[in-house]
Amino acid sequence: MQHIVDRRLAGKNKSIGNRERFLRRYKDQIREAVKRAIDGRGIRDMQRGEDIHIPKKDLSEPVFGHGSGGVRETVHPGNKDYVRGDRIERPKGGQGSGSGKGQAGDSGEGEDDFVFALSKEEFMQVFFEDLALPHLVRTQLAEVPEYKSHRAGFSNDGTPSNLNVVRSMRGALGRRIALGMGPRRELHELEAQLLECQQALEPGDKVAEATIAELSERITALRARVERIPFLDPIDLRFRNRVRTPVPTSKAVMFCLMDVSGSMDEGRKELSKRFFILLYLFLTRHYEKIDLVFIRHHTQAQEVDEQNFFHARETGGTVVSSALVLMEEIIKARYDPSQWNIYGAQASDGDNWHHDSGRCRELLSEKLLPLVRYFAYVQVAEEEQNLWEEYSHLQAAHRHFAMRKATEASQIYPVFRDLFKKEGAKAA
Amino acid sequence: MKLKPLALEQPLPLAQRPSEHLPGPSDWSFELVERYHRIIKATADRFGLDTYPNQLEIITAEQMMDAYSSVGMPVNYRHWSYGKEFISTEKNYKRGHMGLAYEIVINSNPCISYLMEENTMAMQALVIAHAAYGHNSFFKGNYLFRMWTDAASIIDYLVYAKNYVAACEEKHGLDAVENFIDSCHALSNHGVDRYRRPSRKSLAQELAERIDREAYAQRQVNDLWRTLPRRAEKEGAAPEAKRFPDEPQENLLYFIEKNAPLLEPWQREIVRIVRKVAQYFYPQRQTQVMNEGWATFWHHKLLNTMYDDGFLTDGVMIEWLKSHTNVIYQPPVGHPAYSGINPYALGFAMYTDIVRICEKPDAEDRDWFPDIAGKPWLPVLDHAMRNFKDESFIGQYLSPKLMRDLRLFAIHDDEKQNELEVSAIHDDSGYRRVRESLSRQYDLGSREPNIQVWNVNLRGDRSLTLRHFQHNDRPLHDSGQEVMKHVARLWGFGVHLESTNAKGDVTKRFSVPAPTN
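Top line first, the protein sequences correspond to chains A and B.
The opening position of the first sequence corresponds to residue 1 in the working numbering, with each subsequent residue numbered one higher.
The opening position of the second sequence corresponds to residue 1 in the working numbering, with each subsequent residue numbered one higher.
Calculated from the structure, these hints are not laboratory results.
No more than 20 angstroms apart at the CA atoms, straight line, and that leaves these computed lysine to aspartate or glutamate pairs for DMTMM-like:
1) A/K27 <-> B/D182
2) A/K80 <-> B/E421
3) A/K80 <-> B/E419
Chain A residues, not near chain B, derived (Cβ > 12 angstroms throughout):
4) T159
5) M169
6) E217
7) T284
8) D291
9) E306
10) L371
11) E383
Beta carbons: idealized from backbone N, C-alpha and C, even for Gly.
Work out the full structure, taking the sequences as your base and the hints as a guide.
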């Protein structure tokens with residue numbers, strides 16, 4: 001019995017489970033490293049892996065072994081000029097060059113850290129750990145990709161309902177012509193001969209009569225053969241072919257609302273930006289297609305591109321409701337809530353024209369919150385003004401509304417985790 | 001047990017010379033592997049190599065790394081340490097720091113050899129000859145493997161182990177199981193029976209007996225909990241006189257499995273699994289030189305014979321010889337690449353030397369090896385492969401000529417002296433000493449510290465005392481303290497380790513208090 005088995009396609013990545021266990025064991029170190037990486041990196045630079053360093057001693061698996069000292073005798077090859085009784089200075093570093101411990105030295109990396117690369121996916125996994133979309137109900141067919149069926153030519157088999165009559169008949173006609181051509185031609189020739197013979201027939205000519213009889217017989221046989229060609233044969237049938245292609249259905253749109261009035265300085269904008277990008281990254285993990293809408297406002301709101309959103313500077317007062325109104329208009333015009341998962345993220349320093357805050361609350365609770373999956377508000381300033389107060393009422397009433405304060409970059413990440421922490425999980 | 005086939009006196013003659021060479025393209029194909037394999041098998045049969053049936057499996061580099069990191073086995077239970085191994089292997093491989101081994105072979109029946117997809121045809125031929133005929137016949141023939149491992153059931157057992165550990169993880173949580181396995185691994189080298197032969201069991205028996213064993217084992221440990229005196233012992237007997245265990249035990253894991261008071265049944269079973277796997281690898285650790293040397297000798301012999309018979313092209317020969325030469329390279333001491341004796345080099349040289357002694361003995365050989373000099377080499381080699389381990393093999397067969405060729409010399413390292421001393425070299429007065437030292441160097445007993453279960457304090461705090469018997473006054477490594485923590489976790493009460501020197505005086509103690517949960 002002898003076998004050659006091709007295992008190349010089977011059981012790849014058998015070590016994934018072990019690798020996961022390794023990552024799990026060193027979760028704390030890895031988390032710490034990821035956190036440091038996020039603080040240190042540029043925001044756009046988020047989606048790549050990271051090298052993780054773990055001190056070797058934390059990883060060691062201790063076993064009983066001999067320490068240095070005592071008496072030992074070792075044998076080495078390649079003697080050049082030693083003779084018995086020679087004395088050699090003890091080599092530095094305490095190890096008698098490869099003595100005794102044959103097994104220990106195979107990693108050959110010394111006392112360095114154990115360094116390994118966390119892949120982009122794993123990096124993001126750690127980053128987004130315990131997070132999940134709030135009330136995660138995808139509008140259409142959450143996890144299962146939706147298929148769209150469309151035509152793709154013709155095929156030789158299919159269900160009767162997909163039969164294409166014209167194609168099938170055309171095929172049948174062609175087959176009949178092709179198959180019948182030879183016999184038919186012969187038939188015509190024989191008929192012509194028969195006619196000739198009959199015209200030239202003189203009574204009593206036995207030979208001619210025999211010829212005629214033979215010709216008629218052949219003609220009958222040929223006719224029968226032509227008639228036996230079926231009118232429609234199974235090989236003529238053509239069916240309309242349809243294939244299914246997956247279409248991305250989980251579409252999300254994220255509205256970024258930001259106050260750009262005079263009180264929002266660069267630092268605060270930077271904070272807001274982090275918040276937006278983190279949310280965006282989070283959404284990219286759950287949706288295939290994400291639209292971004294940037295709305296900035298001071299006393300008036302306007303939709304702008306990303307560049308202008310973060311970098312243009314305006315002055316003047318603040319009317320927050322203008323942005324909310326614009327958001328609602330855009331939803332109505334372009335993002336049908338039955339087709340899109342809508343997310344709102346608003347950043348502001350909490351400054352608002354005081355008569356406007358009540359209106360904001362109204363707009364949100366009556367118009368916007370029913371349309372969106374989630375709405376997050378971050379205030380990038382400490383003092384609580386009337387907007388904060390009004391919004392606080394919303395928080396109690398709507399589960400998919402969240403608000404937090406953040407005043408420095410390192411607070412963004414916890415804020416973010418807090419906002420999207422898994423339902424049922426303890427707050428981090 | 002069936003009688004072992006008699007070794008051939010002489011290689012059988014070649015049936016028929018081929019009309020043309022086997023093709024030797026750099027890309028292999030299944031059909032070609034099959035053809036080569038048929039010839040290699042026919043050639044091996046001519047030498048009377050007795051093997052398990054072969055199963056050659058083609059795998060990718062990634063799969064090779066998978067196999068690497070789970071100690072070469074195709075299945076194994078999950079554990080983070082294998083993940084660590086995998087990550088570092090993968091890293092080194094990707095950065096080009098190391099090439100992967102060309103092959104891994106598993107001591108199972110049928111014997112599974114992995115061939116890497118990247119290998120050229122010549123390399124596949126080398127691997128088949130090396131693993132599927134060299135190692136395979138060693139696994140089947142060597143007495144240690146015959147005694148300690150059960151090739152037929154190892155894969156089944158590992159499947160069972162994997163499922164059992166997975167079930168435990170589900171039931172008792174990943175952390176509990178993982179920590180427990182950590183502790184078992186720390187002692188796995190001291191979890192082997194060195195003298196008693198384990199029984200052979202099928203997977204079904206293994207499963208059926210587990211249930212009984214759990215119940216039974218749980219009852220057995222109760223000796224430690226006995227509160228009623230066992231009928232009043234004689235008053236005069238000193239309380240210290242009665243020891244438990246009666247005699248020191250060398251298999252720490254076995255002792256723990258059977259006697260640790262607080263372990264749950266599933267924990268005992270895991271101890272048993274780790275112990276069994278360690279036991280399976282025990283012969284491999286003792287036959288490195290012999291095993292690798294044997295496989296190297298045979299791939300060399302088989303492929304050369306095939307060349308002489310007209311099967312192989314020059315190109316194929318040059319290619320495998322290059323890799324063969326790399327494998328048996330022995331850098332001399334002091335060379336930057338030197339890291340001890342290369343088992344491939346030593347083993348290959350020794351088998352080749354035995355053949356030389358048989359075929360062309362000189363006066364010295366007749367003097368040193370009167371019983372094999374001039375005898376037919378096949379039976380002599382077969383006998384050597386079957387009945388020795390590294391230690392005794394070297395002690396028996398290392399010839400003066402080989403010591404001269406390798407220029408072996410012994411260094412005596414006594415910590416009480418300032419300098420090392422060259423105690424013997426390859427000369428008339430040194431041969432025996434060099435051979436003896438080298439042989440002892442491969443004695444597992446001197447490579448690993450000798451630690452035994454010494455005593456359990458039955459009347460007091462139930463603490464466990466281990467005793468380390470120093471070999472030539474060599475102390476225990478400091479990591480012993482860490483290991484003792486693992487021992488404490490397994491034992492459940494305080495543990496002590498006494499390190500004793502040759503005179504029996506305790507020179508060092510390690511103590512770890514009972515773990516608090």
